[in-house]
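Chemist: Protein chains in written order, with our numbering: chain A, 1 to 115; chain B, 1001 to 1111.
Derived by calculation from the structure, the hints in this document are not laboratory data.
Any given hint could be a false lead.
Which chain A residues stay away from chain B? Per the calculated CB distances, all over 12 angstroms, these [to be verified]:
hint: 1; residue: Lys-1
hint: 2; residue: Gln-6
hint: 3; residue: Lys-13
hint: 4; residue: Val-19
hint: 5; residue: Ser-27
hint: 6; residue: Glu-48
hint: 7; residue: Pro-61
hint: 8; residue: Gly-62
hint: 9; residue: Arg-63
hint: 10; residue: Arg-67
hint: 11; residue: Ser-70
hint: 12; residue: Asn-71
hint: 13; residue: Asn-77
hint: 14; residue: Leu-83
hint: 15; residue: Asp-85
If you want a taste of the chain B side facing chain A, the calculated C-beta under 7 angstroms gives, among others [said to hold, decoys possible]:
hint: 16; residue: Phe-1039
hint: 17; residue: Gly-1043
hint: 18; residue: Pro-1044
hint: 19; residue: Gln-1049
hint: 20; residue: Tyr-1051
hint: 21; residue: Phe-1063
hint: 22; residue: Lys-1098
Here a beta-carbon is modelled for each residue, glycine too, at the ideal position from N, C-alpha and C.
One letter stands for each residue in the lines below.
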Amino acid sequence: KAGVTQTPRYLIKTRGQQVTLSCSPISGHRSVSWYQQTPGQGLQFLFEYFSETQRNKGNFPGRFSGRQFSNSRSEMNVSTLELGDSALYLCASSPAGLASYNEQFFGPGTRLTVL
Amino acid sequence: LAKTTQPISMDSYEGQEVNITCSHNNIATNDYITWYQQFPSQGPRFIIQGYKTKVTNEVASLFIPADRKSSTLSLPRVSLSDTAVYYCLVSGSSNTGKLIFGQGTTLQVKP
C-alpha cells in the first residue's frame, strides 16, 4: 500500500497570504488528522476528520481550517498567514478501527515558511 | 487526557539495551499507552502500543506495571539509526484521532 502523501512538500508564503495543504491518506483509511510541529511548541494537534466530518479539534485560531472529501483526501487551509505559522505541517491517517485508534500513519509533512 | 512525563534526553552506545520510562499518573481506565519515534524532518512513526503487562514486537518491548501509572519502552541492541526522538502518549477511545505529544525523549546513540 502507498503511504500517506502530502503536497506540496515545501512552500514559501508571505504574511497575510493564505495557503492550502493537501493530504492523501492510505487507501481504506477514513480518519485524517493534522498536526503542526515547531521547535518551540513541538507537535500540536490541529484537527481530525472522519467521514467528511470534523470529529476533534485542537486549540488553534479559526484561521486554521480543514475539510475532508468523500474519498478521504483532506485539505488544510491557513488564512492571513503570520510569521509564527512557519512550521512543519503533518498529516496522519488511521483506519479508525477499535483496536488501532492510537496508531496513526504520518506523511512526510509540508514545510511552510512565512516571510 | 493524562499528562506524560519522560526524560528530555538519553545517551547510549551501539549494541546496548535502552529503556525509556514514561510516567502517566492520571491514566484513565480506557487509555492505551503508545510510543512513537521521529527522525528529523519526518513524521512520527508508530512503534508499539499496550494496555497492561508486556507487549513485544519486532522492534521494541513495552512494559506496563499493574497500576499503569508508568511504562517503559525497551529497545534491544540499539544502533546509530535508532537516534531519534521518542514520544510516549496516553489516549483512549474518547479521543480517537487526536494524539497529544509531549516533549519526547531525544535518544542519542553513539558508536
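Chemist: Hint by hint, say whether it matches the structure.
Modeler: Okay, the hints, checked on the actual structure:
no.	hint	result
1	Lys-1	holds (15 angstroms)
2	Gln-6	violated (9 angstroms)
3	Lys-13	holds (19 angstroms)
4	Val-19	holds (19 angstroms)
5	Ser-27	holds (18 angstroms)
6	Glu-48	violated (3 angstroms)
7	Pro-61	holds (18 angstroms)
8	Gly-62	holds (18 angstroms)
9	Arg-63	holds (20 angstroms)
10	Arg-67	holds (15 angstroms)
11	Ser-70	holds (18 angstroms)
12	Asn-71	holds (18 angstroms)
13	Asn-77	holds (19 angstroms)
14	Leu-83	holds (20 angstroms)
15	Asp-85	holds (18 angstroms)
16	Phe-1039	violated (11 angstroms)
17	Gly-1043	holds (3 angstroms)
18	Pro-1044	holds (5 angstroms)
19	Gln-1049	holds (6 angstroms)
20	Tyr-1051	violated (10 angstroms)
21	Phe-1063	violated (18 angstroms)
22	Lys-1098	holds (4 angstroms)
Consistency with the previously given hints fails for numbers 2, 6, 16, 20, 21, ordered from lowest to highest.
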